[in-house]
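Q: Residue strings, one per chain:
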Amino acid sequence: MLGYIIRRVLWIIPVLFVVSLITFSLMHAAPGGPWDREKKLSASTIAHLNEKYGLSDPIHIQYLSWVGNMVRGDLGPSYKYIDRSVNDIVADGIGTTAHLGIMAFLLSVILGIPLGVIAALRHNKIPDYLATFVSVIGIATPSFVAAILLLVFFSVTLRWFPTHGWDGWAEPDTMVLPTIALSLFPIAQIARFTRASMLEVTRKDYVRTAQSKGLRERSIVVVHMIRNALIPVVTILGPLLAFLITGSFIIETIFSVPGIGRYYVTSIGQRDYGVIMAMTMLYAAAIAVLNLVVDVLYAYIDPRIRYS
Amino acid sequence: MSVSDDPSRVAGGPALTDLPDDVSVATEEGRRLAEQLADNRRHARKLLEVRNLSTHFYTRDGVVHAVDDVSFELDYGETLGIVGESGCGKSVTALSLTRLIASPPGKIVSGQIIFDGIDVLKLSNEEMRLLRGKKIGFIFQDPMTSLNPTLTIGYQIAESAKTHLGLSRKAADDRAVELLSKVGIPRSRERMGDYPHQFSGGMRQRVMIAIALACDPMLLLADEPTTALDVTIQAQILELIRSLSDEFGTAVILITHDLGIAAGMCHRINVMYAGRIVETGLVDDIYEAPRMPYAWGLLDSLPRLDEVKGARLRTIEGMPPDLIDPTSECRFAVRCKYVHDRCRSEEPELTPRDGEGHMARCFGTEPEGWIQ
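Keeping their order, the protein sequence lines are chains Z and A.
Read in order, the letters of the first sequence are residues 1 to 308 in my numbering.
Read in order, the letters of the second sequence are residues 1001 to 1372 in my numbering.
There may be inaccurate statements among the hints.
[What the hints assert, rightly or not] Here are the computed lysine-lysine pairs in the DSS-like style, where the Cα-Cα straight-line distance is at most 25 Å: (1) Z:Lys80 x Z:Lys39; (2) Z:Lys204 x A:Lys1107; (3) A:Lys1046 x A:Lys1122; (4) Z:Lys40 x Z:Lys52; (5) A:Lys1122 x A:Lys1107; (6) Z:Lys125 x A:Lys1046.
Derived by calculation from the structure, the hints in this document are not laboratory data.
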């Protein structure tokens, strides 16, 4: 098992290398550059800036120097926020973004799995229709619509929660709406997945065996069904967590959450090369690591899976 | 009177004999059930009486009459075989006895099931649960899928004992070890922590038997217990079921499509066809003088060792009828070589033949019939 984990961790390196190579190439292949403005800068200024930031070097030299710096932990300068390095930007926002992401993740799991389980246990009855209805709404409503509706109702009308800002545990009020808004889609997704998986398990022979043993309904569901039903659900949780902890542009913008999610989208428009690379690598690393965690969890949940 | 009438009997050796017979009396329902059981045991003559049982499945294509007006009885400690080809209602009959029919689409629409004097169809779900596993054990066809892949086999055996006998975790584990060695799993204590995938098919079926016998039930329902196993293992598993049911005085209903197996194991046999019992009687009567052309067909289709080399296997021509709209004719009429007009206009009743309890559903073999 340990050997397997070490091998998988080592595999992350070539994966990240390939991701960085593709992102770097695409980014530079896209027309325009970091110095494009409404009011054009003079050619000499651009030449000077390019010289200063090494952007006039051949592309492979630029890539190699980016790799060299990154390995040393230097993500380079931001071309948009001249006074801040990419390291500063990431360091300032990653804590908030990850905090919001983890909160939303936990809420999604805590609500999504029971919702799916209840729907499956009351298959084709009112609780099932209700849960399915909620899931469809959750999946079909874009997060900017849901976020604004939440704001209008809970902040403007009821005045329960602030309209913007984020103070973490210092001011828990500020966490409520962003967390809910960010988790609506994942709750719905997890609930649907769990429901389908539970319905599948309901038909299994071993569930009939459990019934024939005269076990209590609760232990049939909890011990015999849910654990087996969660195996496929765990698969989607890895990428989901990676998605949530790397931030959401829409939620962070609407609720003015000072995270890094906002930069991901804006940096692309601004050709802020350092930020684009940093955010992409972060996302790729999160996916790679969390997929590994999921695979290890598999072995824990399903004894048939053993890695060597 | 059979062994099972002694309320203090507990399987698994002297270590367990100090256990009360009914420990699940912690609940009101459990207590009521226990009292009823004790009372019935004094008066009831049969372990199981099934009267006019009908189980239907409500499907998109119509109502499937899977079990249609089936009646039979079972003595304490007796072994009864239910034989017939696939889809004739054998498994549905067994599942109906413990109300394990998936509902929807299935439903027991009429009839009465008296188990040890208890009217099973009138029990609450909770009372029914207390019968399952405790008084009636179940062995299913496919040991590869019948065990939970994520739980250790020790846990799966011990949990019945914990639920029904109120044993502590430790005592339940000890019981599971004992049962495992009883069903012939070597080094049973070490294997408690193994998962089903670490066992072969035959070993898993042994584990299933241990689970079914965990609470020393009065009735064991074995639904094609050896169909998924290879032939050498089949014999071992059947021998195990027989020796343990003898030892514990457990009555067995053995469901099989293999008449050879039924002959070796059972006291009596019910032959089922298209949801109905078409012939019933002692094993010897059925094998020596079957009184229903379907039973002849089944017997004839057994391969024989003394057969001329190269001879073709005999089969029963045709397929069982659709159970959605049973016609008013004899259900075997379309496949029967001896069919007369009468068979096509009305359905015969089960009527007595020579031999104790021997009955058949065939106009042709009735005293005034044309088949002799």
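Q: Compare the structure with each hint and give your call.
A: Here is how each hint holds up against the structure:
1. Proximity of Lys80 of chain Z to Lys39 of chain Z is assessed by CA-CA distance (about 15 Å); at most 25 Å being required, the pair is judged to hold.
2. Proximity of Lys204 of chain Z to Lys1107 of chain A is assessed by CA-CA distance (about 20 Å); at most 25 Å being required, the pair is judged to hold.
3. This hinted pair checks out: Lys1046 of chain A and Lys1122 of chain A have alpha carbons roughly 18 Å apart, not beyond 25 Å.
4. Between Lys40 of chain Z and Lys52 of chain Z the alpha-carbon distance is near 19 Å, which keeps this suggested pair within the 25 Å criterion.
5. Taking the CA atoms of Lys1122 of chain A and Lys1107 of chain A, the gap is near 14 Å; set against the 25 Å cutoff, the hint holds.
6. Under the criterion of a C-alpha separation no larger than 25 Å, the hint pairing Lys125 of chain Z with Lys1046 of chain A is inconsistent with the structure, at around 40 Å.
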